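Number of protein chains: 2
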Amino acid sequence: MKHEKREVPLVVVKRLPRYYRYLGALLRQGITRISSGELSEKMGVTASQVRQDFNCFGGFGQQGYGYNIETLHREIGDILGLSHGYKTIIIGAGNLGHALANHSNFAKRGFELVGIFDKSPSLIGTQIHDLPVQDVDDLEAFCAANTVDIAILALPKAAIEMVVPRLLKLKIKGLLNFSYTEIEVPEDVAVENVHLSDSLMTLSYKIAQTEKKGK
Amino acid sequence: MKHEKREVPLVVVKRLPRYYRYLGALLRQGITRISSGELSEKMGVTASQVRQDFNCFGGFGQQGYGYNIETLHREIGDILGLSHGYKTIIIGAGNLGHALANHSNFAKRGFELVGIFDKSPSLIGTQIHDLPVQDVDDLEAFCAANTVDIAILALPKAAIEMVVPRLLKLKIKGLLNFSYTEIEVPEDVAVENVHLSDSLMTLSYKIAQTEKKGK
Numbered sequence: 322m323k324h325e326k327r328e329v330p331l332v333v334v335k336r337l338p339r340y341y342r343y344l345g346a347l348l349r350q351g352i353t354r355i356s357s358g359e360l361s362e363k364m365g366v367t368a369s370q371v372r373q374d375f376n377c378f379g380g381f382g383q384q385g386y387g388y389n390i391e392t393l394h395r396e397i398g399d400i401l402g403l404s405h406g407y408k409t410i411i412i413g414a415g416n417l418g419h420a421l422a423n424h425s426n427f428a429k430r431g432f433e434l435v436g437i438f439d440k441s442p443s444l445i446g447t448q449i450h451d452l453p454v455q456d457v458d459d460l461e462a463f464c465a466a467n468t469v470d471i472a473i474l475a476l477p478k479a480a481i482e483m484v485v486p487r488l489l490k491l492k493i494k495g496l497l498n499f500s501y502t503e504i505e506v507p508e509d510v511a512v513e514n515v516h517l518s519d520s521l522m523t524l525s526y527k528i529a530q531t532e533k534k535g536k
Numbered sequence: 322m323k324h325e326k327r328e329v330p331l332v333v334v335k336r337l338p339r340y341y342r343y344l345g346a347l348l349r350q351g352i353t354r355i356s357s358g359e360l361s362e363k364m365g366v367t368a369s370q371v372r373q374d375f376n377c378f379g380g381f382g383q384q385g386y387g388y389n390i391e392t393l394h395r396e397i398g399d400i401l402g403l404s405h406g407y408k409t410i411i412i413g414a415g416n417l418g419h420a421l422a423n424h425s426n427f428a429k430r431g432f433e434l435v436g437i438f439d440k441s442p443s444l445i446g447t448q449i450h451d452l453p454v455q456d457v458d459d460l461e462a463f464c465a466a467n468t469v470d471i472a473i474l475a476l477p478k479a480a481i482e483m484v485v486p487r488l489l490k491l492k493i494k495g496l497l498n499f500s501y502t503e504i505e506v507p508e509d510v511a512v513e514n515v516h517l518s519d520s521l522m523t524l525s526y527k528i529a530q531t532e533k534k535g536k
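Order-wise, the sequence lines are chains A and B.
Number 329 in the numbering used here belongs to position 8 of the first sequence; there are no gaps in the numbering.
Number 328 in the numbering used here belongs to position 7 of the second sequence; there are no gaps in the numbering.
Which copy is meant is left open, because identical chains are indistinguishable; a pair holds if it fits in one copy or across any two.
Derived DSS-like pairs: lysine-lysine, alpha-carbon spacing no greater than 25 Å straight-line:
1) Lys534 to Lys408
2) Lys533 to Lys335
3) Lys408 to Lys533
4) Lys534 to Lys363
5) Lys492 to Lys527
6) Lys527 to Lys335
7) Lys335 to Lys408
8) Lys440 to Lys478
9) Lys478 to Lys363
10) Lys335 to Lys363
11) Lys408 to Lys440
12) Lys429 to Lys363
13) Lys492 to Lys533
14) Lys440 to Lys492
15) Lys429 to Lys408
16) Lys492 to Lys478
17) Lys490 to Lys440
18) Lys429 to Lys527
19) Lys527 to Lys490
Worth flagging that the hints you see were computed from the coordinates, not collected in a lab.
All values reported here derive from a predicted model rather than from experimental measurement.
So that you can see chain A by itself, here it is in the shape it has in the complex (with noise of 0.2 Å):
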């Protein structure tokens, strides 16, 4: 079954991965076949939301019989565009840098880790998940040896005006971004910021709740 190339809107987008990742773990389970209201209770989303999730998409279910998993979970990778293997680099090698780049999930989704670089001379030449890191001042002359195809920026605010500009003329397809800062880019480059708080104000949110209703 091939999906249509609809528009899809971004909330549903944003809601594949999580789907990626249950349907991954439904199948090292050994389990085959789910209903939409069986996926639905695990993942904590009604029914008709996982219905309408997928047919953003063009289907993927029979009415009754449930969803194939393996091949909802290779629609949705193919989706994701998991497949393309993207080569990734991850400049900063401090804290954060050294932890993504140790992020197993990385690899496991398909993406590559190829560089890691780093402008402090400390950092430089020390390994990190059996890759050296490299002076960021080098960058051109990897990319020009090497595909890049996606930065992951764990660098401060001040270094991302420097680096920016340098990634937008190297052609890199895409840019996650750890530092906090809204980035300018062109139209063609995709970006997606991460904002590590936003994720403890909705546990916030989620501990407020429960104490309103413990009261």
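Fit chain B to the supplied structure of chain A, relying on the hints for placement.
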């Protein structure tokens, strides 16, 4: 104006931290009022989405006059429970825990970091963000002597299973879980799971879409 205490869909709640950040940035620029149209444009959502979202909490705005940014920012902060000043500890002083401890936005959002714990002798006693890393064995003693509302889990999966039951006994209100494993908790404990690879998958989707358009 007091917001109503209805149940708010989680998808709306998830957007609140983003509204909060944007409104904070506008305030710092000295802007005092904004229309739903302008706010929606800045945030890349539709104006009707903005109005719908705020209606979930009972409004905030006056038709034709736009929103008072300061009021809106404060009210959203209240809804998010930021005014509670939740006391936070980090468990796991590795690269991720270290990066999170140094994440200045946590304090800016009203969360006070009161302790960092690890089990590694090489980390215990070192200083991170003006706090000494404490032995995780001392968790119970620390929580008996200090108020702790939130525990941030920056631990490998294996360690999670040991630590979570202890945290539940200590009546911690909320867990921010970076361990990429699902944790089971009673209903009166809030959990927010953070999956860093989800943002990479969303970015991958955006790149794949951009490439399709370019063809």
